[in-house]
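These protein sequences, in sequence, are chains A and B. Number 247 marks the last residue of the first sequence (our numbering); no jumps. Number 247 marks the last residue of the second sequence (our numbering); no jumps.
Derived from the structure by calculation, the hints contain no laboratory data. Every residue gets a Cβ at the ideal spot worked out from N, C-alpha and C, and that includes glycine. Any given hint could be a false lead.
Only pairs whose alpha carbons sit at most 20 Å apart, straight line, appear in this in silico DMTMM-like list of lysine to aspartate or glutamate [unchecked claim]:
| id | chain 1 | residue 1 | chain 2 | residue 2 |
| --- | --- | --- | --- | --- |
| 1 | B | Lys-244 | A | Asp-204 |
| 2 | B | Lys-217 | B | Glu-198 |
| 3 | B | Lys-240 | A | Asp-223 |
| 4 | B | Lys-14 | B | Glu-124 |
| 5 | A | Lys-244 | B | Asp-207 |
| 6 | B | Lys-217 | A | Asp-223 |
| 7 | B | Lys-116 | B | Glu-190 |
| 8 | A | Lys-240 | B | Asp-204 |
Taking CB as the label site, the calculated pair distances span [claimed, not checked]:
| id | chain 1 | residue 1 | chain 2 | residue 2 | range |
| --- | --- | --- | --- | --- | --- |
| 9 | A | Ala-62 | B | Glu-107 | 35 to 41 Å |
| 10 | B | Glu-198 | A | Arg-224 | 21 to 27 Å |
| 11 | B | Gln-75 | A | Val-246 | 28 to 34 Å |
| 12 | B | Asn-67 | A | Pro-103 | 31 to 37 Å |
| 13 | A | Arg-224 | B | Pro-103 | 16 to 22 Å |
| 14 | B | Arg-70 | A | Pro-103 | 39 to 45 Å |
Protein chains: 2
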Amino acid sequence: MQVKIVLVETSHPGNIGAAARAMKTMCLSQLSLVNPQQFPDPVAFARASGAAELLENSQRCETLQEAIADCQRVIGVTARDRKLSAPVSAPKPLMQELITQYQGLKVAFVFGRERNGLTNEEIDLCHGVCTIPANDEYASLNLAAAVQIICYEWHVAQLVDKHAAQLPKAPAIAPSGEIEGFYDHLWEVLGKVDFLDKDNPVPLMRKVRQLYDRTELTSAEINILRGILKSIEKTVD
Amino acid sequence: MQVKIVLVETSHPGNIGAAARAMKTMCLSQLSLVNPQQFPDPVAFARASGAAELLENSQRCETLQEAIADCQRVIGVTARDRKLSAPVSAPKPLMQELITQYQGLKVAFVFGRERNGLTNEEIDLCHGVCTIPANDEYASLNLAAAVQIICYEWHVAQLVDKHAAQLPKAPAIAPSGEIEGFYDHLWEVLGKVDFLDKDNPVPLMRKVRQLYDRTELTSAEINILRGILKSIEKTVD
């Protein structure tokens, strides 16, 4: 699935630049600007940081229709629930669905104006609406921040399979014999430094065992811990 | 789970303001600023938009230690894989895990400098590292954009986990200040018994920290461990 990010009548050039940067961090490059209010502009390039080429290669359109003409699916990103006819989805499940259904095809994500979002006529051009879950009392995400989240969710959905294959191996947890050897050594040293209550050492030993059992010590860690015990013994003896 | 966002030595006040806005859109409010380079500043308030109160109520700290002292878990957010000893997680699975394990507790997410991120010493203070999946060739997320993604993932995970309130309570995991107190005590005693390699103690200390960080010590357990340390000191002195 290819992704095109469409920004409709953006007011602030800084937001266009920041959106380009957000896209590039998530491996996206197709940016379409519908009637931007102030572009090109040095502020856009400054905020784009290392993503200037996305601005240089961006598509300039007069209308949303033109921007989405080459897309098989068009998703409007809106902040609020506005009694819409189109189905509203959260980004995560939507991305999974799109990636499965639109392999090799192009999907547009359309972002409206900083103050007013998308008009109802523009939303009518969308096949679905995506709303980023947010604070009911302050859902005012910055435009580039919303672009960042959508691009991130696309990137993560793409990576899910790869990640599963690359999960780190479990560390080599030490066998029980080594762990018991450490405990025996520990009780011995605790006796030497008069820590254990000689009449009733068991409850405390249980608590200490519980602590180390929970951490699932590796053999390398047991070597470190026993090294510490030996140093204590040498100093005490 | 409460969330504190910690920004370390941020250069641009605009990023501080944009981070505050990002937090408020996702229902978060605890912002801690470690030695910001230019703050307070009108640019920060302009970019915060309707989230100025987060800036006004932000905690100002001289050191990262101070900022995280009241947090039971500390996660460093870093862009690159840097041969770290701490376990590295992606935001989504990490949030699910944290929300389940840290009910009623406070988790800090620590963000470094715009140019250089976090130092290795700062990462050593973290119990885990979170890396936002990004373009390998351009992982340069804007600071506020990274804050937006982390806050978004927290918000989404909260919404998903509606049953969180019914789950059994997490054990009383000790706050970072207590754990650091234990480590300080431990280094002192390891010095006294000549265990540490004086020329190069850091790699070993990191391994020991990793072991105990993983086990999520409770306050009661820290009391036991410090009791052991005191007994060793008494015998050695």
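Now for the hints, and whether the structure bears them out:
| no. | hint | verdict |
| --- | --- | --- |
| 1 | B:Lys-244 x A:Asp-204 | 9 Å, holds |
| 2 | B:Lys-217 x B:Glu-198 | 16 Å, holds |
| 3 | B:Lys-240 x A:Asp-223 | 23 Å, violated |
| 4 | B:Lys-14 x B:Glu-124 | 19 Å, holds |
| 5 | A:Lys-244 x B:Asp-207 | 16 Å, holds |
| 6 | B:Lys-217 x A:Asp-223 | 17 Å, holds |
| 7 | B:Lys-116 x B:Glu-190 | 16 Å, holds |
| 8 | A:Lys-240 x B:Asp-204 | 10 Å, holds |
| 9 | A:Ala-62 x B:Glu-107: 35 to 41 Å | 38 Å, holds |
| 10 | B:Glu-198 x A:Arg-224: 21 to 27 Å | 25 Å, holds |
| 11 | B:Gln-75 x A:Val-246: 28 to 34 Å | 33 Å, holds |
| 12 | B:Asn-67 x A:Pro-103: 31 to 37 Å | 35 Å, holds |
| 13 | A:Arg-224 x B:Pro-103: 16 to 22 Å | 20 Å, holds |
| 14 | B:Arg-70 x A:Pro-103: 39 to 45 Å | 40 Å, holds |
Hint compliance for this structure: hint 3 is the single one not met.
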